[in-house]
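Number of protein chains: 2
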Amino acid sequence: MSTGSPLLADLIEALRCLPGVGAKTAQRMAFHMLERDRPGARRLAERLAVAVEKVGNCRRCRGFSEQEVCSFCANASRDKHLLCVVETPVDQLAIEQATGYRGHYFVLLGRLSPLDGLGPKELGLDLLAARLAEGEIEEMIVATNPTVEGEATAHMLSQLARAADVRASRLAHGVPLGGELEFIDRGTLAHAFGGRQSLL
Amino acid sequence: MSTGSPLLADLIEALRCLPGVGAKTAQRMAFHMLERDRPGARRLAERLAVAVEKVGNCRRCRGFSEQEVCSFCANASRDKHLLCVVETPVDQLAIEQATGYRGHYFVLLGRLSPLDGLGPKELGLDLLAARLAEGEIEEMIVATNPTVEGEATAHMLSQLARAADVRASRLAHGVPLGGELEFIDRGTLAHAFGGRQSLL
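Residue numbers (the UniProt record's numbering), protein chains in the order written: chain W, 1 to 200; chain U, 1 to 200.
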């Protein structure tokens with residue numbers, strides 16, 4: 001131990017649970033908080049403890065929530081005819097922040113991956129099927145990641161939608177905005193070419 | 001708020017007290033901890049709360065410590081004839097980790113900066129003078145930063161040492177290891193040239 005305080009050394013070690021934080025950054029964070037921002041550090045400790053204790057998953061959409069039903073699901077002003085299915089809560093946040101989407105969500109908390117023990121049951125597909133059977137959803141927007149597992153998941157979701165007679169759609173794939181054709185990977189470019197859309 | 005959980009939004013906001021953590025990183029950290037590392041997050045919350053509450057300053061060297069006297073000062077195997085004076089606890093850690101130094105430390109918790117209200121009293125120079133007057137210290141190593149304020153602080157420290165009849169030394173300035181002369185700033189290069197040492 002190279003600090004004069006074992007509690008400080010403990011804190012530095014604990015900070016390394018944060019993603020992307022190594023030994024040096026953890027040191028800098030610990031010293032910064034103790035030297036300059038104890039109120040901020042105290043607030044962080046409290047909120048972290050509360051969040052870990054209280055935040056669970058919404059009964060209806062499986063997103064993060066400290067209530068039985070999250071604030072998205074409880075919001076009556078959101079469009080109840082649209083349901084966007086995502087893999088993780090962070091994808092849900094990304095869509096909420098980037099798009100003007102005002103419908104509801106369903107969070108799979110994973111993707112189809114039998115080797116990792118993630119099957120239809122773990123992804124809550126029975127809950128999703130029940131949701132579709134309620135008859136209110138008119139369009140299910142599949143927003144899984146464009147990976148092999150994400151595609152397999154999307155395929156299964158489309159079957160689920162067909163069984164419930166609900167229209168299913170998928171995020172468009174293609175050249176990202178600001179990207180240059182020269183540097184786009186072949187698969188994406190081929191996909192964008194095949195899926196070209198008419199101008200006007 | 002773009003998450004389904006107000007507590008999660010609170011946590012994301014609180015994480016921004018960490019140095020170098022902006023909105024995106026705070027989100028990533030919060031989601032990572034809640035999705036994948038709740039034990040780590042709980043431990044972090046506990047240790048942070050304890051550290052903020054308990055870690056104060058060592059009565060003897062002013063470094064961080066949860067005891068009256070820090071583990072450096074309490075360590076009888078360290079050389080009691082050497083005292084290294086640094087500006088901040090993080091400088092103390094840097095020296096401890098990089099060098100084989102096994103003497104004692106004194107932490108100024110700042111540098112001479114009258115405009116910021118930091119004078120001899122705030123830097124604990126009375127405590128340092130009393131320490132030198134004890135008569136055990138044979139060499140005081142001044143390790144303040146090579147900035148204008150750090151140099152002014154070093155100058156005052158050298159006067160303090162002279163008054164107590166203690167030998168004072170200063171970290172060597174010069175070309176950093178691995179640096180290339182071409183890219184070194186003029187001041188440093190001039191200093192390194194003037195302070196050249198004989199080979200063997």
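Among the hints, a few may not be true.
Chain copies aren't distinguished; within one or between two, either way the pair holds.
[To be verified] Dumping the calculated SDA-like pairs for lysine to any residue here, alpha-carbon to alpha-carbon at most 25 angstroms:
(1) K24 with A130
(2) K121 with G40
(3) K24 with D116
(4) K54 with R42
(5) K121 with G135
(6) K24 with Q97
(7) K24 with V166
(8) K24 with D126
(9) K24 with G40
(10) K24 with E53
(11) K54 with G40
(12) K121 with A154
(13) K54 with T88
(14) K80 with G22
(15) K24 with G187
(16) K54 with R38
(17) K121 with G22
(18) K121 with L199
(19) K24 with Y101
(20) K80 with P6
(21) K121 with Q159
(22) K121 with D185
(23) K80 with E13
(24) K54 with S158
(25) K24 with A129
(26) K24 with F193
(27) K24 with D37
(28) K121 with L132
(29) K24 with I95
(30) K80 with P114
None of these hints come from the bench; they were simulated from the model.
Hints versus structure:
| no. | hint | result |
| --- | --- | --- |
| 1 | K24 with A130 | neither (49 angstroms within a copy, 34 angstroms between copies) |
| 2 | K121 with G40 | neither (41 angstroms within a copy, 27 angstroms between copies) |
| 3 | K24 with D116 | neither (33 angstroms within a copy, 28 angstroms between copies) |
| 4 | K54 with R42 | both (18 angstroms within a copy, 12 angstroms between copies) |
| 5 | K121 with G135 | within (22 angstroms within a copy, 74 angstroms between copies) |
| 6 | K24 with Q97 | between (32 angstroms within a copy, 11 angstroms between copies) |
| 7 | K24 with V166 | neither (52 angstroms within a copy, 35 angstroms between copies) |
| 8 | K24 with D126 | neither (46 angstroms within a copy, 33 angstroms between copies) |
| 9 | K24 with G40 | both (20 angstroms within a copy, 18 angstroms between copies) |
| 10 | K24 with E53 | between (29 angstroms within a copy, 23 angstroms between copies) |
| 11 | K54 with G40 | both (21 angstroms within a copy, 16 angstroms between copies) |
| 12 | K121 with A154 | within (15 angstroms within a copy, 68 angstroms between copies) |
| 13 | K54 with T88 | within (19 angstroms within a copy, 38 angstroms between copies) |
| 14 | K80 with G22 | neither (44 angstroms within a copy, 33 angstroms between copies) |
| 15 | K24 with G187 | neither (39 angstroms within a copy, 28 angstroms between copies) |
| 16 | K54 with R38 | both (24 angstroms within a copy, 11 angstroms between copies) |
| 17 | K121 with G22 | neither (36 angstroms within a copy, 36 angstroms between copies) |
| 18 | K121 with L199 | neither (43 angstroms within a copy, 74 angstroms between copies) |
| 19 | K24 with Y101 | between (40 angstroms within a copy, 20 angstroms between copies) |
| 20 | K80 with P6 | between (54 angstroms within a copy, 21 angstroms between copies) |
| 21 | K121 with Q159 | within (15 angstroms within a copy, 75 angstroms between copies) |
| 22 | K121 with D185 | neither (34 angstroms within a copy, 63 angstroms between copies) |
| 23 | K80 with E13 | neither (46 angstroms within a copy, 30 angstroms between copies) |
| 24 | K54 with S158 | neither (34 angstroms within a copy, 56 angstroms between copies) |
| 25 | K24 with A129 | neither (48 angstroms within a copy, 33 angstroms between copies) |
| 26 | K24 with F193 | neither (46 angstroms within a copy, 32 angstroms between copies) |
| 27 | K24 with D37 | both (19 angstroms within a copy, 21 angstroms between copies) |
| 28 | K121 with L132 | within (16 angstroms within a copy, 71 angstroms between copies) |
| 29 | K24 with I95 | between (33 angstroms within a copy, 14 angstroms between copies) |
| 30 | K80 with P114 | neither (32 angstroms within a copy, 63 angstroms between copies) |
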